[in-house]
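Trainee: Fit chain F to the supplied structure of chain L, relying on the hints for placement.
Number of protein chains: 2
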Amino acid sequence: MTDLPKHVEIQEEGPREGFQIEPGPIATADKIRFIEALAGTGLPKVQCVSFVNPRRVPGMADAEEVANSIRREPGVQYTGLWLNLKGLERAQATPLDLKGRILMSASETFSIRNSNRNMAETVDEQKRWLAAYRQAGIAVEWGSVMTAFGCNFEGAVPPDRVVAVVATIMDLADEADVTLKGMSFADTVGWATPVAVERVVGAVRERWPDLEIALHLHDTRGAGLANAYAGLRLGVARFDSSCAGLGGCPFAGHKGAAGNICTEDLVFLCEEMGIETGVDLDALIDCAHLAEAIVGHPLPGKVMRGGGLSAIRARTAGG
Amino acid sequence: MTDLPKHVEIQEEGPREGFQIEPGPIATADKIRFIEALAGTGLPKVQCVSFVNPRRVPGMADAEEVANSIRREPGVQYTGLWLNLKGLERAQATPLDLKGRILMSASETFSIRNSNRNMAETVDEQKRWLAAYRQAGIAVEWGSVMTAFGCNFEGAVPPDRVVAVVATIMDLADEADVTLKGMSFADTVGWATPVAVERVVGAVRERWPDLEIALHLHDTRGAGLANAYAGLRLGVARFDSSCAGLGGCPFAGHKGAAGNICTEDLVFLCEEMGIETGVDLDALIDCAHLAEAIVGHPLPGKVMRGGGLSAIRARTAGG
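Going down the list, the protein sequences come from chains L and F.
Taking my numbering, the leading residue of the first sequence gets 25, the next gets one more, and so forth.
Taking my numbering, the leading residue of the second sequence gets 25, the next gets one more, and so forth.
For reference, chain L alone in the conformation it holds in the complex (with noise of 0.2 angstroms):
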């Protein structure tokens, strides 16, 4: 009836997305601890920190001291995030597992807003890039999509471009020698419906039925978990969540950043359909009160409030 996956990947987004976007200031021993909860719980990847420009984004000033301080669990990808070349170079000082990949937005107006570079200015971009990770041997394995669902400025994105620009990203691949492992698309500012994400990566799976798909989805609009759903029906097996579903207040009047979808209530979803997450929920859950301790205000993760149902199936007969 359907494909879903038998095991799902997670990527956890928390402490970078959660952390950038509060008001805060969050202690550097809060984030260690978070970061190593997390770790603790069975997800196989946390990205940390981003190694932005302190004065633009002050909450990831400890970017470094948070890399350099994290007491690492065996088998655990500790990941960050950069947008230029010093960043990169800050990464490379510390002790995170770095990965490059080759990002491209599917909506060009979205590209110039972000980026200050159109399509063809972005290719030119990810050249330099993808030389910069062979010099650096850091191995590059995916292509991003973002605003692969919908756009603010252009509207509802047509599979055909996504399809497009995935073309795009395979052949920058090719010139550089590199064979990606897949393609993650991201529903950047929330336009993702479960019909847009089985046209996506229908339409992705077409051409190129041997890519491995990831989602990033933000739940801007509530239809997050709904999207991860149509993904899972079709056998996609990897996300990226953040834990309490940091990332995006919605409380706090940032409106349109609601953060990524929240990682325990992905973890419950899939434990309860029979799909393998290798994350020990309850574990999961004291790391989303945790957060919620640390950023001082509630977060819109469900299931930290609602709780697991292991307890409950452990003592009753009908479990």
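Among the clues, some could well be false.
Just so you have them, the derived chain L footprint on chain F, three or more residues with Cβ under 8 angstroms [stated by the list, open to error]: (1) 176 to 183; (2) 210 to 220; (3) 243 to 254; (4) 333 to 340.
Pairwise CB distance ranges (calculated) [unchecked claim]: (5) P182(L) <-> G259(F): 23 to 31 angstroms; (6) A53(L) <-> A53(F): 44 to 52 angstroms; (7) Q101(F) <-> A85(L): 52 to 60 angstroms; (8) A317(F) <-> E199(L): 52 to 60 angstroms; (9) L109(F) <-> R339(L): 31 to 39 angstroms; (10) G298(L) <-> E145(F): 29 to 37 angstroms; (11) R337(L) <-> D310(F): 37 to 45 angstroms.
Quick caveat, the hints were computed from the structure, so don't treat them as lab data.
For glycine and all other residues, C-beta sits at the position ideal for the given N, C-alpha and C.
Mentor: Relative to the frame of chain L, chain F by itself:
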């Protein structure tokens, strides 16, 4: 590929589910204003009040005053809830649109804890209700199955248990010479997943292919809209929901009491997938802000913060 319905009918539960759980007090005039605003959005049914013991639910002590004061919109059904004959008598003295239903729980333990009646006693009680409705000239159109997906006392509810309860309800209807229009399945305590929705709807459809199905979903663990989408894919075209997610504030420590799925988030999801709801989303978002102003604390709805997309679509070529 899917059986998405062309049109969905939504019963708004916010005024009743929301205002009875709020610590309050909520002014009677605010309740009336909110109900009138909701009825002005195109919602076909608004559940306004419950006629319950004012000593146990002080927030509903003004049920008659609210019901008597609403300025009625033509074509809108204004409904109410009662739990005993005294409540029904009170409802009959108001101009509300009264509908009877046959109500059972799929979990006997829940039934005993909730109403102090086992299955056999519930059947007898429903017979008394059917007689009371007949005597009062109140139409009985729907059956309702509570805890249709799981229960905190008995654990997960298997679909064949739900089918057995539906069969009991159908027998009760037959005996009373009532032809039911459809059957509503409630995820009373937040156990549903999309896969569980598919299993329950599938099992019921197999036995009663022509029975209309409605879903009353709570968003206790964040999967509410994913569960609604699973229903939509199967052609389910009736949902209960609450404006702004009223009806269990996740930020007030009502553990496990998360409200219904959020009406404007559901309307957004439907309309974006091409399913008509007849509801003006922008007017409904105004209602959600009104609800928040009335209760005086943040409510969990997302679209009320992220905003709809119609204005962007109207001004973009990509729309």
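Trainee: Kindly confirm whether 52 to 60 angstroms is satisfied by the beta carbon distance between A317(F) and E199(L).
Mentor: holds (56 angstroms)
Trainee: Look at the Cβ atoms of Q101(F) and A85(L) and judge whether their distance stays inside 52 to 60 angstroms.
Mentor: holds (57 angstroms)
Trainee: Count the residues of the stretch 333 to 340 of chain F with a beta-carbon closer than 8 angstroms to any beta-carbon of chain L: does the count reach three?
Mentor: holds (count 4)
Trainee: Range hint 37 to 45 angstroms: satisfied by the CB atoms of R337(L) and D310(F)?
Mentor: holds (42 angstroms)
Trainee: Do at least three Cβ atoms from the stretch 176 to 183 of chain F come closer than 8 angstroms to Cβ atoms of chain L?
Mentor: holds (count 7)
Trainee: Taking 29 to 37 angstroms as the hint, is the beta-carbon distance of G298(L) and E145(F) inside that range?
Mentor: holds (36 angstroms)
Trainee: Does the Cβ distance between A53(L) and A53(F) fall inside 44 to 52 angstroms?
Mentor: holds (50 angstroms)
Trainee: Can you let me know if the beta-carbon spacing of P182(L) and G259(F) is within 23 to 31 angstroms?
Mentor: holds (26 angstroms)
Trainee: Establish whether the coverage given for the stretch 243 to 254 of chain F by chain L is satisfied; the threshold is a Cβ-Cβ distance below 8 angstroms, and no fewer than three residues must meet it.
Mentor: holds (count 10)
Trainee: Apply the coverage criterion to the stretch 210 to 220 of chain F and chain L: a residue qualifies when its Cβ sits closer than 8 angstroms to a Cβ of the chain, and three qualifying residues are needed.
Mentor: holds (count 6)
Trainee: Could you tell me whether the CB distance from L109(F) to R339(L) stays inside 31 to 39 angstroms?
Mentor: About 37 angstroms separates the Cβ atoms of L109(F) and R339(L), which means 31 to 39 angstroms holds.
No hint from the list above goes unmet by this structure.
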